[in-house]
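Participant: In the order they appear, the protein sequences are chains A and B. Residue numbering for the first sequence follows my numbering, starting at 1 and increasing by one per position. Residue numbering for the second sequence follows my numbering, starting at 1001 and increasing by one per position.
One or more hints might be untrue.
Derived, one-sided and incomplete: chain A residues facing chain B with beta-carbon distance under 10 Å [claimed, not checked]:
{"#": "1", "residue": "Phe14"}
{"#": "2", "residue": "Leu15"}
{"#": "3", "residue": "Arg24"}
{"#": "4", "residue": "Leu104"}
{"#": "5", "residue": "Leu105"}
{"#": "6", "residue": "Leu241"}
Don't read these hints as lab results, they were simulated from the structure. Here a beta-carbon is modelled for each residue, glycine too, at the ideal position from N, C-alpha and C.
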Amino acid sequence: MSHRLTPRMWLTAFLGIARRETLRFVNQRGRFLAALVRPLVWLFIFAAGFRAVLGLSITPPYQTYVLYEVYVTPGLCAMIQLFNGMQSSLSMVHDRETGAMRTLLVSPFPRWFLLAAKLVAGVIVSIIQVYAFLAIAWFWDVQPPAIGYLAVLPALFLSGLMLGAMGLFLSSAIRQLENFAGVMNFVIFPMFFASSALYPLWRMNESSPLLHDICAANPFTHAVELIRFALYARFDLLSFLVVSGCLILFFAGAVIMYDPAKGLWARRKGGA
Amino acid sequence: MRAPPLCQMPQDALSIQHVSHSFGRFQALKDVSLTVPRGGFTALLGVNGAGKTTLFSLITRLYDNRSGRIEVAGHDLRRQPGAALARLGVVFQSRALDADLTVAQNLEYHAALHGIPRREARARSLEVLAQVELSDRLHARVSALSGGQQRRAEIARALIHRPEILLLDEPTVGLDVKSRAEVVALTRALVRGGVSALWATHILDEIRPEDGLVILHRGEVLACGNAGAIGGDDLTATFLRLTGEAA
Chain A
1 MSHRLTPRMW LTAFLGIARR ETLRFVNQRG RFLAALVRPL VWLFIFAAGF
51 RAVLGLSITP PYQTYVLYEV YVTPGLCAMI QLFNGMQSSL SMVHDRETGA
101 MRTLLVSPFP RWFLLAAKLV AGVIVSIIQV YAFLAIAWFW DVQPPAIGYL
151 AVLPALFLSG LMLGAMGLFL SSAIRQLENF AGVMNFVIFP MFFASSALYP
201 LWRMNESSPL LHDICAANPF THAVELIRFA LYARFDLLSF LVVSGCLILF
251 FAGAVIMYDP AKGLWARRKG GA
Chain B
1001 MRAPPLCQMP QDALSIQHVS HSFGRFQALK DVSLTVPRGG FTALLGVNGA
1051 GKTTLFSLIT RLYDNRSGRI EVAGHDLRRQ PGAALARLGV VFQSRALDAD
1101 LTVAQNLEYH AALHGIPRRE ARARSLEVLA QVELSDRLHA RVSALSGGQQ
1151 RRAEIARALI HRPEILLLDE PTVGLDVKSR AEVVALTRAL VRGGVSALWA
1201 THILDEIRPE DGLVILHRGE VLACGNAGAI GGDDLTATFL RLTGEAA
C-alpha cells in the first residue's frame, strides 16, 4: 500500500467524518428538536413579551423600524450555532472519555485536518438547523429579503466555524463531561447575554457603558452582526474581520492543544 | 550509542529503541527497547501500571515520543507519522466503536479515516467481518452486540485498512472465558495469515512458548525474547521472580 495521501483520500476522509457527524445527528432526533425548540421559544414567547417593552429605533442594517421578533432572529440563528458548537465540544469530550476519539487521532491524516473536518461537518449540521428555524420564523412574519437567505449562507458558515472552533478549543481543556456545566455557566450564557443578540448595543450603552464595551468586544456579538447584516444582503467588515480573526485564534489553539507534542495532553496521563 | 537490545531481528514490523516517557516527575517508561518480528505474535506482559498503555499511546502517536526512536514497518514515527500510522491497526483497551452506529457504519467511518472510498470500504467490511466471524452482525448497532462480539468488531475495525501490524491493548479484559478464548484464537489465526501482532496482557495463560515475549515492569523491560526460552517450564514463576512479586 502506498503511504502517499492522494487528494481523493483527503476527500474520502472528510466525507467519512462528515457522514459520521450527520449520522449521529440523525440518530439523536432529540438533539435536532432541542436545537429548534430553544430559539423558537425565544422567538414566540420571549420576543412577544419584550416587543411591548423594548422600543427599537432604526438600527443598521434595518432601514425602518422593525418588530422585536425581526431584530432578535439573527441572534437566535447565532444562538443555534453557539449551542451546536458547544454540543460538538461536548461530543469531543464524550468521545475522549469513551475512547472513540482515539480512532480519529490514530488516522494517518494530520491532526489539523481531522479537527478541521470535524469542525466543518458540525457547521454543516448547524446550518441545516438555522435554515429550519428561519423557515418557521418566516411564518411568524420574520421575512428578510429573498436574497438574504442566500447571502446569509457564507456568514453562517464563517460564524459557525468560529463558534465551533471555540467549542473545539474548549473541549481540549475540559477533562470530564461533568465539567461541562461550567462551560454552560461561564461561556455560553455570558456570551449570549452580553452580546447584541437580544438588544442593540446602543441600548446597552444607555444602561452601562462598561457593559456596552464588554458586549462590543464579545466575538459572539460580531457573529450576530455578521449574520444580521448578511440576512439583509449587507456586509459588515468589522464583524467579518473579528469573526475571521477569532476563528484563526480558536482553531490554532485547538490544534496546539490536540497536538501530542505541544498540548495539555503531552503532560497528562491517559489524556487521550 | 548503547548496545542493541536483546531481541533485535531483521525485517521487524515494529522497532522501539531506547524510548522513555515521563508524566511530570513520574517516569512511566525507562529506556524501553523491543521489536516485533514480521508475522510474529509478541506478548507484552506486565501487571497493571507497568507502562503497557503508555507505550501503546506512544506507538500510536497519542503521546509524543520525545526520546528514542519508534519505527513501524521501517517508517520513523516522528518523521513519517502518516506512513507509520497507515500500517498500524489498533485495538484499544477501552471501547473505541461508536455504540450508536451500526457495525457497517463504524467500519466505513474507520476506512474513511484511512482514505478508503466507501464502495471499497463496503467490500472490505464484508471481508474483515468474515475473518472475525461477525458477517451476520453487519447492520447491527454496536450497542446490541455482546462484549465478545464488540471486541471482534474492534478487531475488524483495526483490520479494515490492511495494516501490517496489530496492536492489541489488553483486548480480553472484561470478557468471559469463552469470548476470551475466541479473541485469542482469532488473533493467532490472523498472525498465521501474515499479520504481526503486539498483544499487551497481564494474563499469563494467553502466552504460548513459541510466542515472542517482552516483560515490562515499572516502565522497564525486564526480559525480551522467546517466551519458551524466558519462561522455561514455569512462566508464572519466572515472571514473579523477575518482577520481584514472588512470595
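Participant: For the hint on A:Phe14, just tell me whether its beta-carbon gets within less than 10 Å of chain B.
Facilitator: Constraint on A:Phe14 satisfied, holds at 8 Å.
Participant: For the hint on A:Arg24, just tell me whether its beta-carbon gets within less than 10 Å of chain B.
Facilitator: Nearest chain B Cβ about 6 Å off; hint holds.
Participant: Measuring from the C-beta of A:Leu105 to each C-beta in chain B, is the shortest one below 10 Å?
Facilitator: holds, 6 Å
Participant: With chain B as the partner, please determine if A:Leu104 meets the hint condition of a C-beta pair closer than 10 Å.
Facilitator: Result: holds, 7 Å to nearest chain B Cβ.
Participant: Given A:Leu241 was flagged as interface, is its beta-carbon under 10 Å from a beta-carbon of chain B?
Facilitator: Constraint on A:Leu241 not satisfied, violated at 35 Å.
Participant: Identify whether the interface hint at A:Leu15 stands, where standing means a beta carbon of chain B within less than 10 Å of its own.
Facilitator: holds, 7 Å
The structure fails hint 6 only (numbered hints given earlier).
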